[in-house]
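K.L.:
Protein chains in written order, with full-length UniProt numbering: chain D, 1 to 420; chain S, 1 to 152.
I should point out that these hints are in silico values taken from the structure, not numbers from a laboratory. The beta-carbon is built from N, C-alpha and C at its ideal position, and this holds for glycine as well. Treat each hint with caution, since some may be false.
Said to hold, decoys possible - Listed next, with one range per pair, are the computed distances between beta-carbon atoms:
#1 S/Val34 <-> D/Gly250: 40 to 46 Å
#2 D/Gln16 <-> S/Asp108: 39 to 45 Å
#3 S/Glu25 <-> D/Gly418: 30 to 36 Å
#4 S/Glu115 <-> D/Asp353: 25 to 31 Å
#5 S/Asp49 <-> D/Leu151: 43 to 49 Å
#6 D/Leu151 <-> S/Val34: 18 to 24 Å
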Amino acid sequence: MSLLPEELKKDFPLLQRTVRGGRPLVYLDSGATSQKPVRVLDAERRFYERHNAAPHRGAHQLAEEATEAYENARASIARFIGASTADVVFTKNATEAINLVAYVMSNAATAGPEAERFAVGPGDEVVVTEMEHHANLVPWQQLCRRTGATLRWFGITDDGRLDLENLDDIVNERTKIVALTHQSNVLGTVPPVERIAARAHAVGALVLLDSAQAVPHQRVDVADLGVDFLTFSGHKMLGPTGIGVLWGRGELLEVMPPFITGGSMIEIVHMDETTFMPPPQRFEAGVPMTAQAIGLGVACDYLAEIGMDRVHAHEVALTAYALERLGEVPGVRIIGPGTTEARGGAVSFTVEDIHPHDVGQVLDDLGVEVRVGHHCAWPICRRFGIPATTRATFYLYNTLGDVDALADGVRQAQKFFGTT
Amino acid sequence: MQLEAMYQEVILDHYRNPHHRGLREPFEGEAHHVNPTCGDEVTLRVHLDGEGQDATVADVSYDAMGCSISQASASVMSDLVIGKSVKEAMAVGEEFLTLMQSRGRDVDADEDVLEDAIAFVGVSKYPARIKCALLAWMAWKDATARALGEAS
Chain D
1 MSLLPEELKK
11 DFPLLQRTVR
21 GGRPLVYLDS
31 GATSQKPVRV
41 LDAERRFYER
51 HNAAPHRGAH
61 QLAEEATEAY
71 ENARASIARF
81 IGASTADVVF
91 TKNATEAINL
101 VAYVMSNAAT
111 AGPEAERFAV
121 GPGDEVVVTE
131 MEHHANLVPW
141 QQLCRRTGAT
151 LRWFGITDDG
161 RLDLENLDDI
171 VNERTKIVAL
181 THQSNVLGTV
191 PPVERIAARA
201 HAVGALVLLD
211 SAQAVPHQRV
221 DVADLGVDFL
231 TFSGHKMLGP
241 TGIGVLWGRG
251 ELLEVMPPFI
261 TGGSMIEIVH
271 MDETTFMPPP
281 QRFEAGVPMT
291 AQAIGLGVAC
301 DYLAEIGMDR
311 VHAHEVALTA
321 YALERLGEVP
331 GVRIIGPGTT
341 EARGGAVSFT
351 VEDIHPHDVG
361 QVLDDLGVEV
371 RVGHHCAWPI
381 CRRFGIPATT
391 RATFYLYNTL
401 GDVDALADGV
411 RQAQKFFGTT
Chain S
1 MQLEAMYQEV
11 ILDHYRNPHH
21 RGLREPFEGE
31 AHHVNPTCGD
41 EVTLRVHLDG
51 EGQDATVADV
61 SYDAMGCSIS
71 QASASVMSDL
81 VIGKSVKEAM
91 AVGEEFLTLM
101 QSRGRDVDAD
111 EDVLEDAIAF
121 VGVSKYPARI
131 KCALLAWMAW
141 KDATARALGE
151 AS
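Put together the whole structure using the sequences plus the hints.
P.N.:
So this is what it looks like as structure tokens:
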């Protein structure tokens, strides 16, 4: 096992606090949002104390400093995912990044001929999977509704993998885009992205990868993935809320019409027409979330210093231990792959005869904070015929002791409700 | 442990042995309510005897999927409203709503009115769980309105 040093926890002020009447906090909900190292908090504060101004407008010294800090953050984030700086677009979060692409596709119908490859309409197909977060499902449902295109999807196998048996049928010459998760936020499953992307590109479809649960946890290099778009959120990777990223292949961003329009994304404005800036500015209307971008840039630097391969190895070790410890508890059923093979650190489970809410309540009473419910991926629960799950998610600051607290807590819940 | 304050024995009893469970005929109003944050669901039917606010709640039947709090609440609620007039039952519902919005602070909850439902006072300290306790009550209110022809 290659675990990171436990001292790492000291970088995160919130993890020092207690909950529910003095219990030490065991935070196992990083899949929902991660905690922040003091360095990220300091960076945001320092920006407001020293450099605060609206970037990319004005010519005074503070505006220069703010612009430089904002663009340096973009460079850090681009470096972190192996991208060119110009191909990194800031959004509010991954949800907005996905919506950006979906709206570009419906806006393409009324844009110029260069945007033609994004246009969708009746007869076209959009492909997703049954294991998507609602953020990578509902925008595509709505796109189909607006344009008359048809939504299709890959199902899930009993062991929580994508069912790709009909890959060549589901992804075909009518497919305009395939949008899929890089790592399921419920099952932990990592789908074979390269295989799906190869098929999509063979039929001329675009590929969008929802990497909200992958970029925070493993080394991601956009050049290796063979996808066209990649989206993620800052707050799940030690950064602030309110900042997300859309990465897109430069030649695509170049010809995409805008989604949100207004100030700072324009070139020339007349009363009756406007021309737009090149990307990424074309997609960043209004005064941007500057401090948040700076915070995320620092978070990327922090993670890069530790090394994403080490972060990943740490989480694989915790996941393996969690699967083992939970697997020993009678009545516990893991929803998702039972091994760490092609799997990340989201561990969802059910406990026989105890509703996840009640499991979560007992854990919470012990200071163990997990997520309960359908985790914004309701179709997965339906697929497995369960109302909800209890989910633990791990990050670099979690320890084997945290996993022990989880497994012990589940046994306590069984004792409390008298099911064993 | 604060758990015992939330999961009082009377709640666990109703959870393990729910009263009036299952969907029955006849009924004049039916409602399906979902808690979108967790996916808990209840389908609930109301059978009234008589007209308007003075009608008697002759039966409440339901099919519910959810946590112990939502299941127990459906059981306690049906016990409380069956046999009362719609008007009386609605007043009990209002009293329960006040209790659930108390955030565990002292409220003048009337145990004579709320009976077993007084046990949910511990739940009111947990904002995320209040909806669980209210799900069946909201479905009942809705189904009753439909039975009276007041709602779509």
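K.L.:
Now tell me if each hint is right for this structure.
P.N.:
Hint check results:
no.	hint	verdict
1	S/Val34 <-> D/Gly250: 40 to 46 Å	holds (44 Å)
2	D/Gln16 <-> S/Asp108: 39 to 45 Å	holds (41 Å)
3	S/Glu25 <-> D/Gly418: 30 to 36 Å	holds (35 Å)
4	S/Glu115 <-> D/Asp353: 25 to 31 Å	holds (27 Å)
5	S/Asp49 <-> D/Leu151: 43 to 49 Å	holds (48 Å)
6	D/Leu151 <-> S/Val34: 18 to 24 Å	holds (22 Å)
The earlier numbered hints are all upheld by this structure, with none contradicted.
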